[in-house]
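Asks: Two independent chains are provided; combine them into the complex using the hints.
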Amino acid sequence: MRTVIIASEELNPLVPHTAEIIVGFIAFSLLYLVLRKAVVPKFEKAFTDRTHAIQGGIERAEQAQLEAQRALAQYNEQLSSAREEAQTLREEARVQGAAIVDELRAKAQEEATRITAAAHASIEAERQQAVTSLRNEVGALAVELASKIVGEALEDQARQSRIVDRFLDDLEKSK
Amino acid sequence: MLASVRSATEGDGFVPPGTKDFDLPPIIEGVEWFTKPVLLVMVSVVLISVFFVLSARKAAVVPSKFQFAGESIYGFVRNDLAKDIIGHEFMRFVPYLFTLFVFILTNNIFGIVPFLQFPTMSHVAFPYVLAALSFFVFHYVGVRKHGVIKYIKDIAFMPGVPKPVYILLTPIELATFFLVRPLTLSLRLFANMFAGHLLLLVFILGGEYMLNDSLLIMKLFAPFSFLFGIALTFFEFMVQCLQAYIFTLLTALYIAGALADEH
Chain A
1 MRTVIIASEE LNPLVPHTAE IIVGFIAFSL LYLVLRKAVV PKFEKAFTDR
51 THAIQGGIER AEQAQLEAQR ALAQYNEQLS SAREEAQTLR EEARVQGAAI
101 VDELRAKAQE EATRITAAAH ASIEAERQQA VTSLRNEVGA LAVELASKIV
151 GEALEDQARQ SRIVDRFLDD LEKSK
Chain B
1 MLASVRSATE GDGFVPPGTK DFDLPPIIEG VEWFTKPVLL VMVSVVLISV
51 FFVLSARKAA VVPSKFQFAG ESIYGFVRND LAKDIIGHEF MRFVPYLFTL
101 FVFILTNNIF GIVPFLQFPT MSHVAFPYVL AALSFFVFHY VGVRKHGVIK
151 YIKDIAFMPG VPKPVYILLT PIELATFFLV RPLTLSLRLF ANMFAGHLLL
201 LVFILGGEYM LNDSLLIMKL FAPFSFLFGI ALTFFEFMVQ CLQAYIFTLL
251 TALYIAGALA DEH
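Just so you know, the sequences run in chain order A and B. In terms of the numbering used here, the first sequence has 94 at position 94, counting the first letter as 1, and numbering is strictly consecutive. In terms of the numbering used here, the second sequence has 193 at position 193, counting the first letter as 1, and numbering is strictly consecutive.
The hints are simulated quantities; they were obtained by calculation from the structure and are not laboratory data.
Quick partial rundown of chain A residues pointing at chain B, CB under 8 Å, derived from the structure:
| hint | residue |
| --- | --- |
| 1 | F25 |
| 2 | A27 |
| 3 | L31 |
| 4 | A38 |
| 5 | A46 |
| 6 | D49 |
We put the beta carbon where it would ideally sit given N, CA and C, even for glycine.
Just chain B, same shape as in the assembly (with noise of 0.2 Å):
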């Protein structure tokens, strides 16, 4: 129905980017399922997995410019961020953390690849997925570690804490430990690469619009919504790497909390 309004109204006045811009049509007319974010998970899971096995591969003492870049990388989650904060017990989770950075990082980044230009984060059900498995991984830790009773029992009651105040902190600390982490987590990812890709869609079809615009004065604006639209592909790009950094970083501290003796 909205596709028609703005056919109907193409040329009579701007119709802004919404969600529906997010809607893709199937790339094989009649598999429903296969769209552009399925096929740029499938793509950056290929990219990632050549790159890093080939970077890999040779393991030498003395890294080659390829090693070293994909060693930095691995580098950068294994001891910036598992290792950190994690402690000791680290190393059973890098793989996890890694994969889930590079993943991410790999997938915010299509958002301003030229011709793919679409993060796939900003649909819901892939942030979704992540957090649902960091959610699963955290407990699933705490509860190997602890015992059911008394992981579930250590978020409950928080040691060290006035028996009345029970009544405010318990629903509280269970609410973020099993609705608001994994909410925010998902939701945070998915809102930055949902709002910012939504952001670089009104700048630049803006700018078209202006452009063709029958008014010289719309067509002078034109170019400021371009650049406008540029810089805020640079703002994109940190902004892709920061949501990686804080899934990630996010992921590691709850399960560093999770194996903690005291929640």
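With the rest of the complex left out, here is chain A (with noise of 0.2 Å):
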């Protein structure tokens, strides 16, 4: 049997085999739809998902990268702002101090005038006092030195205290 096949079929090798036409193609659509179905989706879904994967990775360090800017950008801003703020702080504070210290000194000045003035005052009135009661003093000492050399002539109460006053008066004007 197996002879007979040989001898009849070996003859030409481009003369296909029936059995093996309908195997080959059941074999390979059979094939096909497998692939179709299991392979090819599932690789294009890989493709796909790693496309997104590597696109949304470089969105998100675009995006990263924009939003570390405009933070920098705030913080310089926030920092020049700062430093504008200081700046003027400071000017205001020297101001303020200038303008504290001229107080002070204008009220030191015042108060130095004032005790000056009362001092003054008190001077006055204490010598005012000093020169009263001096000449009440010295009057009474003069005349009772005056009666005690001159006896009874001056005993005139009137007379003494003009003479005395006259006394006086040319004291004050020798002086």
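Replies: Laid out in structure tokens, this is it:
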């Protein structure tokens, strides 16, 4: 049987076996269906996912960079405004300080003036008082002295005080 | 008859391998259709399916080595063959081209896999089936795109050619599209696998014969025959990959041609 097949078919390798055509067709179709159904969509999914992942990653990185730049700009702005503010504050403080010093100095001056005036006034009053009491005392003493020297001649009160006053006025003039 | 001749002459002289070596007996006695190439085709379908289904199962964004291996082959057919040649409509044809490539490649490589060692495509029925499918696919695509009349007219009467030239051109074009293409597609694959297998047989059976010869000089030269057989195995591997590539490439080109506005 086999030799017959060999003898009849080996003559032309270009003549296909019917069974092989059928098997080949079925096998290929089966493989096609399996690959189309279970393999191609999966690989395509993996490819798209990967593309998305890479694109998403790049986009995220770009976004982060933009955000960082914005934050940096913001910080710089804040920093410069803070510096400005500090500058303003310093300036204000200096002005205020100067004002305070001036004010204090004026107050002190005033106080000094006031104290000086009060001192002057009290000195004047005391002097006045001293002059008055001195005049009285000196008058009395002088009269007493004179009466002792001159005797009763000068007992007249009115005369006495006129003489004393005149004496004292002369004294003050000569001074 | 020849088989008996061979057995009778064994030991007397070298019988070179020939077409008879491609006629393999049924694996199970009595089931005439179930021969080695038939078994190999079935094995190839199972192997390819298991490999790619497992490889593609997770479809992870960061692929494992196994997924990457499957993806690389798929990506090669998808991008380098389908996308580059067919253009924007390529996705429709990727499953077919992919199946074609891995099916032919696997069955070709069976030719040098130890113990299997038979290229399925050296049985002409399989290339015929594949060429017929490709033939059907690209004509179907062309007819769907342009309509039967315009499609045939474009093939038979190529636009932009002076009228008298049609006397020569029309038969050539018709023959090219309906006869030469499917024939060359199938016969190229078949002949390469057939010849390659025959070549390996010559050197390996020849070496075996020389080793068994009584003459010492023959025994001494036997290793060279084996060595050449091994070198040719590497060469065969290249041819097997190349033929799978060419078959798929040409199918893609024919599809692209059928889709184009002018043939």
